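*Asks:* So the protein sequences, as listed, match chains A and B. When the count follows UniProt numbering, it moves up by one through the first sequence with no breaks and lands on 300 for the last residue. When the count follows UniProt numbering, it moves up by one through the second sequence with no breaks and lands on 369 for the last residue.
Hint data in this document are derived by calculation from the structure and do not stem from the laboratory. Computed from a prediction, not measured in an experiment: that's the story for all the values here. Certain hints may be false.
[As the list claims (entries may be wrong)] To give an idea of the chain B side of the interface with chain A (calculated C-beta under 8 Å), a few residues: (1) Phe68; (2) Met95; (3) Val166.
Think of the CB as a built atom: it goes at the ideal place given N, C-alpha and C, for glycine as much as any other residue.
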Amino acid sequence: MTTISDTEPAAAVTTPARDKRGLGLRRVRWWRVVVLGVLAVYFLVPLASTFWFTLYTPGTHTFSLAPYGQMFSAQGFGTSVRMTVEIALVTIVILYLLLVPAMIAVQLRLPKLKPVLESLAMVPLVLSPVALVVGVQTVLGWGLDQDPGTPLFQLAADLQNQSFPLILPIVYVVIALPFAYRSLESGLRSVDLKTLVEASRGLGASWPVTIWRAVLPNLRSGLLSGAILTLALVFGEYTISSILQFLPFSVWIVQDGQGATSGQLAPAVSLLSLLLSWAVLFLVSFLGGRRAVGRPDRSS
Amino acid sequence: MSVIASAPAQDAAGTRGVSLELSGLHRSFGATHALAGFDLALAPGELVAMLGPSGCGKTTALRIVAGFDRPDLGAVSLDGVDLTPLPANKRDMGMVFQSYSLFPHLTAGQNVGYGPRLRKVSAAERDRQAEELLELVGMAGMAGRYPHQLSGGQQQRVALARALAVRPKVLLLDEPLSALDAKVRLQLRDEIRRIQQEFGITTLFVTHDQEEALSMADRVAVMRAGKLEQCAAPAELYDRPATAFVAQFVGTMNHLPGQVVGAAKVRVADRELPVDGACPAEGTEVNVLLRPESLDLEPAAEASAAGRPGEGQVMLATFLGATTRLTVRLGDGTEAKADLPSHRAVEFPVGSAVRLAPAPRPVLVVERG
Ligand SMILES: Nc1ncnc2c1ncn2[C@@H]1O[C@H](COP(=O)(O)OP(=O)(O)O)[C@@H](O)[C@H]1O
Ligand SMILES: [Mg+2]
Numbered sequence: 001m002t003t004i005s006d007t008e009p010a011a012a013v014t015t016p017a018r019d020k021r022g023l024g025l026r027r028v029r030w031w032r033v034v035v036l037g038v039l040a041v042y043f044l045v046p047l048a049s050t051f052w053f054t055l056y057t058p059g060t061h062t063f064s065l066a067p068y069g070q071m072f073s074a075q076g077f078g079t080s081v082r083m084t085v086e087i088a089l090v091t092i093v094i095l096y097l098l099l100v101p102a103m104i105a106v107q108l109r110l111p112k113l114k115p116v117l118e119s120l121a122m123v124p125l126v127l128s129p130v131a132l133v134v135g136v137q138t139v140l141g142w143g144l145d146q147d148p149g150t151p152l153f154q155l156a157a158d159l160q161n162q163s164f165p166l167i168l169p170i171v172y173v174v175i176a177l178p179f180a181y182r183s184l185e186s187g188l189r190s191v192d193l194k195t196l197v198e199a200s201r202g203l204g205a206s207w208p209v210t211i212w213r214a215v216l217p218n219l220r221s222g223l224l225s226g227a228i229l230t231l232a233l234v235f236g237e238y239t240i241s242s243i244l245q246f247l248p249f250s251v252w253i254v255q256d257g258q259g260a261t262s263g264q265l266a267p268a269v270s271l272l273s274l275l276l277s278w279a280v281l282f283l284v285s286f287l288g289g290r291r292a293v294g295r296p297d298r299s300s
Numbered sequence: 001m002s003v004i005a006s007a008p009a010q011d012a013a014g015t016r017g018v019s020l021e022l023s024g025l026h027r028s029f030g031a032t033h034a035l036a037g038f039d040l041a042l043a044p045g046e047l048v049a050m051l052g053p054s055g056c057g058k059t060t061a062l063r064i065v066a067g068f069d070r071p072d073l074g075a076v077s078l079d080g081v082d083l084t085p086l087p088a089n090k091r092d093m094g095m096v097f098q099s100y101s102l103f104p105h106l107t108a109g110q111n112v113g114y115g116p117r118l119r120k121v122s123a124a125e126r127d128r129q130a131e132e133l134l135e136l137v138g139m140a141g142m143a144g145r146y147p148h149q150l151s152g153g154q155q156q157r158v159a160l161a162r163a164l165a166v167r168p169k170v171l172l173l174d175e176p177l178s179a180l181d182a183k184v185r186l187q188l189r190d191e192i193r194r195i196q197q198e199f200g201i202t203t204l205f206v207t208h209d210q211e212e213a214l215s216m217a218d219r220v221a222v223m224r225a226g227k228l229e230q231c232a233a234p235a236e237l238y239d240r241p242a243t244a245f246v247a248q249f250v251g252t253m254n255h256l257p258g259q260v261v262g263a264a265k266v267r268v269a270d271r272e273l274p275v276d277g278a279c280p281a282e283g284t285e286v287n288v289l290l291r292p293e294s295l296d297l298e299p300a301a302e303a304s305a306a307g308r309p310g311e312g313q314v315m316l317a318t319f320l321g322a323t324t325r326l327t328v329r330l331g332d333g334t335e336a337k338a339d340l341p342s343h344r345a346v347e348f349p350v351g352s353a354v355r356l357a358p359a360p361r362p363v364l365v366v367e368r369g
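Pulled out of the complex, with its shape left as it was, chain A reads as follows (with noise of 0.2 Å):
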C-alpha cells in the first residue's frame, strides 16, 4: 500500500523529460497490476470456492443460503464464539499489564537491558506450540495428582474450569508476546518518552497519572496493532487448545461445525468469522488512525 501511493507523487513531480517517463510509469503501472492480480488469486480464489461450496449442493443442483442461517442455531457456536473473546480479551489485559510497564521502566531507567528484554520477548518464536502444551500438561497434571481439596489440586482444576480455562489467556500471553512487544517497541521509538514523562511529572503529575495520560495516548497505534494481532492470533490458535481438550471457537468449527448437513456450516462460519475479524481490523484501525491525525482545527 504505501509503496504504490509512495511513487505516485514522486512520479507527478517529475514532468520534464514527459516521453520516458511516461515509458517508465506505464511499466510501474503494469507491474502494479500483476503483482496485485496474483495476489488477488491467491486470496480471493479459495475464498470464493469456499463461498461457492456453502451455497451449492451438487446433489440436487440448488443453491441455498440454509448454512449461514444455521450456524447461530448450531449447538455451540454462542458459548464457542463468547469464551473466545472473552479468553482473547483477557490475554490482552494480562499482556498488557505485564508488557507495558515493564517496557516503559526499561526505557526510562534501565536502557541496558533492552537487548535483555527483546530477545526474552523473541523466544515464543521459536518455541513450538506442542512442545509448549506437552509442557504445560504435564504441569497442570501435578496438580491434578494431589489429593482433591489441596489448594494445587484446587489451582489445577481452576485453571482447566471448562466454561473458562484461565490456562489459555495464560499460555496466549506467551505465545503473543513477540507480537505485542513489536507493536508496542516501535510505537515507543516514535516518541521521546523521557522528555514527555519528565513535561508531565515537572507540570505536577504523579507516575501514574503521567502514564495514563502522558505515554500511553501516544502508544495508542502501537496498542492497537498489538491488541488486534493478539486477537487474531487467539481465534485461530488450533493446537494448544485442542490438545489440552478445551473448546474455543476454532476446536468448534472443527469438530462440533462438521457434524451438521454435508459439513457446510464448517467452512459458512469460518467465512463469517473472517469478515467479521476483517470488521473489527478496519474498525479499530479506522478509529486509531482518525484519532491519530486529531481532530479539525477549532480555531479556524
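For this one, chain A is given, so just place chain B with the ligands on it according to the hints.
*Replies:* Relative to the frame of chain A, chain B with the ligands by itself:
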C-alpha cells in the same frame, strides 16, 4: 495588556519571587563528574543565565533543580526550604525543554491546560486561562492546533505558556531557543525576558550562547567542568572577568605576548599596563588578554613593520556598522583584533603598517605554557 492584570502568577501572591539556592552539588555518571561542587544563588524575581561550553553540566544542574535527577551530594532549596525530599511532581517548577516537548496527542490549549487539569481546575476555567496565556506568548487563537501543526518557535511558545500555567515558583529553561533559527531566536529571547519580568518569576536559563546570556540575564553564571567559574552582571562579567576562562569564553579576546616587568606590571606592545588579579613573578612570559575595543591603532613606519614589538600589518577589515574590526598580524605571527570607530578605521587600509596601542587599563594575564 489586560491579560497581565489577571496573569496566574499574580493572583497567587504568595508564590511570587522566591529565592533559589543550589549548594555544593555533586553528580557523577561513572567516571564523568558532571557536577563537582556547584553553587549558585538566585534572588527573588531574578533571571540568571547559566552559560558554559557543551558538556559542562548545565542540563544536569537544571534537572537536579527540577527533581528529575538527584545529586550525589549537596542540596537545592527554595526560600531556604530544602527540596531534596520532594519528587519532581511536587516541586512547582515550570520547565521548558531544549527538545520539543509538547504532548503530541493534545492541542496547544490542552497542553497549556494539562497542569491546571491535574489541579482540578474546571474545564471552562482551563480554557479561559489557556487562551490568556497563549495570547501572552503571542499565540492568540491557536488553542486548537496540534503540535505537529505548529512551527518550532510556536511550539516553544506553547511550552512556555504550559510551564507558566501551573503558577510555578521557579521557571527553568534548558536551551529553549537552540533548535530555532536566528530570527525567531532573537524575537523569542526578548519575549521570554518581557514575560519573566511581568511575572516577576525567579528564572534559571541555560544556554551555551554567550550573546543570549549577556542580553537577557540579570546575572550570568559561567560554568566550567561542573563548577561555577563566576556569577556576575553581564557588564561586570565582560569588563572584569574573574578568571582567564571567563575572559576567553565571554566576548572576543586577544591574547598578546607580554612579559611581567614589576609588581603587577606587564609590558605588552611596547607599553606598560597594570595587571588585574593574579600576576606571576617578574620576568615571566605571559599572554595579555585584551578586548578588541580596548585596542587602538597608530600608524607605524613601513620599514620597521616586522621588527619592533606591537607592530604589524592590517590583514583584514570587517565592517560591523558603527565600528570596524581590523585584524592585525604582528611580527611574530600573532593575530590581534582591534575595533575602531568606522570613520577612523579607514585611516588603516588593508596592508598598511600599524602599531598596537592598548588602552591604559588594568589587564588580565595568563602564563604562557
Ligand atoms: N544520564 C547520563 N549518563 C551518563 N552521562 C551523562 C548523563 N547525563 C549527563 N552526562 C554527562 O555529564 C556531562 C554533563 O552533561 P550535561 O549536564 O548534559 O551538559 P550540558 O547541558 O552543559 O551540555 C557530560 O559529559 C555528559 O556526557
Ligand atoms: Mg544541555
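*Asks:* At a threshold of 8 Å, is the proposed contact between phenylalanine 68/B and chain A supported by beta-carbon distances?
*Replies:* 5 Å, holds
*Asks:* Please verify that hint: methionine 95/B, Cβ, nearest Cβ of chain A, below 8 Å or not.
*Replies:* 4 Å, holds
*Asks:* Minimum Cβ distance from valine 166/B to chain A below 8 Å?
*Replies:* 6 Å, holds
When each numbered hint is compared with the structure, no violation occurs for any of them.
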